[in-house]
Amino acid sequence: MAILSRGFGTRRRESDPRLPPGQYLTEDFPVLSAGPTPRIDLGEWRFTLRTEKGASTTWTWEEFLALPAEDVATDIHCVTRWSKLGTSWRGVSLDTIFAGVDSDVTYAMAHSYGGYTTNVPLADLLGGRAWIAYEFDGKPLDPEHGGPARLLVPHLYFWKSAKWIRAIALQSHDDPGFWEQNGYHLHGDPWTEERYW
Numbered sequence: 001m002a003i004l005s006r007g008f009g010t011r012r013r014e015s016d017p018r019l020p021p022g023q024y025l026t027e028d029f030p031v032l033s034a035g036p037t038p039r040i041d042l043g044e045w046r047f048t049l050r051t052e053k054g055a056s057t058t059w060t061w062e063e064f065l066a067l068p069a070e071d072v073a074t075d076i077h078c079v080t081r082w083s084k085l086g087t088s089w090r091g092v093s094l095d096t097i098f099a100g101v102d103s104d105v106t107y108a109m110a111h112s113y114g115g116y117t118t119n120v121p122l123a124d125l126l127g128g129r130a131w132i133a134y135e136f137d138g139k140p141l142d143p144e145h146g147g148p149a150r151l152l153v154p155h156l157y158f159w160k161s162a163k164w165i166r167a168i169a170l171q172s173h174d175d176p177g178f179w180e181q182n183g184y185h186l187h188g189d190p191w192t193e194e195r196y197w
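Position 164 of the sequence shown, counting from 1, maps to 164 under the numbering used here, and the rest follow consecutively.
These aren't lab readings, by the way, just hints derived from the structure by calculation. Take the hints with a grain of salt, since some may be wrong.
Unchecked claim - Here are the simulated DMTMM-like pairs of lysine to aspartate or glutamate, each with C-alpha atoms no more than 20 Å apart in a straight line:
(1) K84 <-> E27
(2) K84 <-> D174
(3) K84 <-> E135
(4) K53 <-> D174
(5) K84 <-> E194
(6) K139 <-> D71
(7) K84 <-> E144
(8) K84 <-> E193
(9) K84 <-> D137
(10) K139 <-> D41
(11) K53 <-> D175
(12) K139 <-> E70
(13) K84 <-> D189
(14) K53 <-> D102
(15) K84 <-> D16
(16) K139 <-> E27
(17) K84 <-> D71
(18) K53 <-> D104
(19) K139 <-> D28
(20) K139 <-> D75
(21) K139 <-> E62
(22) K84 <-> D142
Given only the sequences and the hints, what does the whole structure look like? Please build it.
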């Protein structure tokens, strides 16, 4: 398992109130990935939402780009202790994706090209809190940062913002995803330092 790091190091917490406990500010955008970077052809890219009842909706790249998009300005925080403030994204709100979905469950599993998974409570994906992002700083999202599209859940540690997103599956229980099975916290709130089990 290869971990790629750019602009990664340890520093003391700076005195900016926007930084959660134990975090340091970076101007760079470090790249941390488990495994190689998938290269997904846009003609082959699909995103699917599956309910616990087996119903599914799938979008092609063109269909996905035709959905209403939002510009998102937000801070992001990595469990490895870096924070990047004032980032700019463009993507589709999960509120749009979930419009009209009939479900009684409270959990979801994000699935990525390359096999990565992460569990997220449904409450953390809805209410204007999460997006499927396809632009960063006004440009198409680079593959190293999860392009062509990634989940963006900025109020949680950044491992919850799954790169190379291909599906979200609703489920009745909170199964751990890839990093959660390897000792990371099931939820991942940076303000309460939910880093590890």
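Taking the hints in turn, this is what the structure says about them:
Pair hint K84 plus E27 holds up; C-alpha atoms about 6 Å apart against a cutoff of 20 Å. Of the pairs offered as hints, the one joining K84 and D174 is violated, with about 29 Å between alpha carbons and a cut-off of 20 Å exceeded. For the proposed pair K84 and E135, the alpha carbon gap of about 16 Å is at most 20 Å, so the pair holds. Proximity of K53 to D174 is assessed by CA-CA distance (about 16 Å); at most 20 Å being required, the pair is judged to hold.
Taking the CA atoms of K84 and E194, the gap is near 18 Å; set against the 20 Å cutoff, the hint holds. Restraint check: the Cα-Cα separation between K139 and D71 comes to about 12 Å, which is no more than 20 Å; the hinted pair holds. As the CA atoms of K84 and E144 are separated by approximately 16 Å, the hinted pair is consistent with the 20 Å bound. Distance restraint check for K84 and E193: the Cα-Cα separation of roughly 17 Å lies within the 20 Å cut-off, and the hinted pair is therefore satisfied.
Distance restraint check for K84 and D137: the Cα-Cα separation of roughly 13 Å lies within the 20 Å cut-off, and the hinted pair is therefore satisfied. For the given pair, K139 sits about 17 Å from D41 by alpha-carbon distance, which is consistent with the 20 Å threshold. Taking the CA atoms of K53 and D175, the gap is about 17 Å. The hint holds against a cut of 20 Å. This hinted pair checks out: K139 and E70 have alpha carbons roughly 14 Å apart, not beyond 20 Å.
Taking the CA atoms of K84 and D189, the gap is about 16 Å. The hint holds against a cut of 20 Å. Annotation: proposed proximity of K53 to D102 holds, straight-line Cα distance about 9 Å (limit 20 Å). At roughly 12 Å between alpha-carbon atoms, K84 and D16 fall within 20 Å of each other, so this suggested pair holds. This hinted pair checks out: K139 and E27 have alpha carbons roughly 18 Å apart, not beyond 20 Å.
A hinted pair counts as satisfied when its Cα atoms are at most 20 Å apart, and K84 with D71 qualifies at roughly 17 Å. Taken as a hint, the K53 and D104 pair is honoured in the structure, with Cα atoms around 10 Å apart against an allowance of 20 Å. Of the supplied pair hints, the one linking K139 and D28 holds, its CA atoms being roughly 16 Å apart against a limit of 20 Å. Between K139 and D75, the direct Cα distance comes to roughly 18 Å. Compliance with the 20 Å bound is thereby established for this hinted pair.
Taking the CA atoms of K139 and E62, the gap is near 17 Å; set against the 20 Å cutoff, the hint holds. A distance of roughly 17 Å separates the Cα atoms of K84 and D142; the hinted pair therefore holds under the 20 Å criterion.
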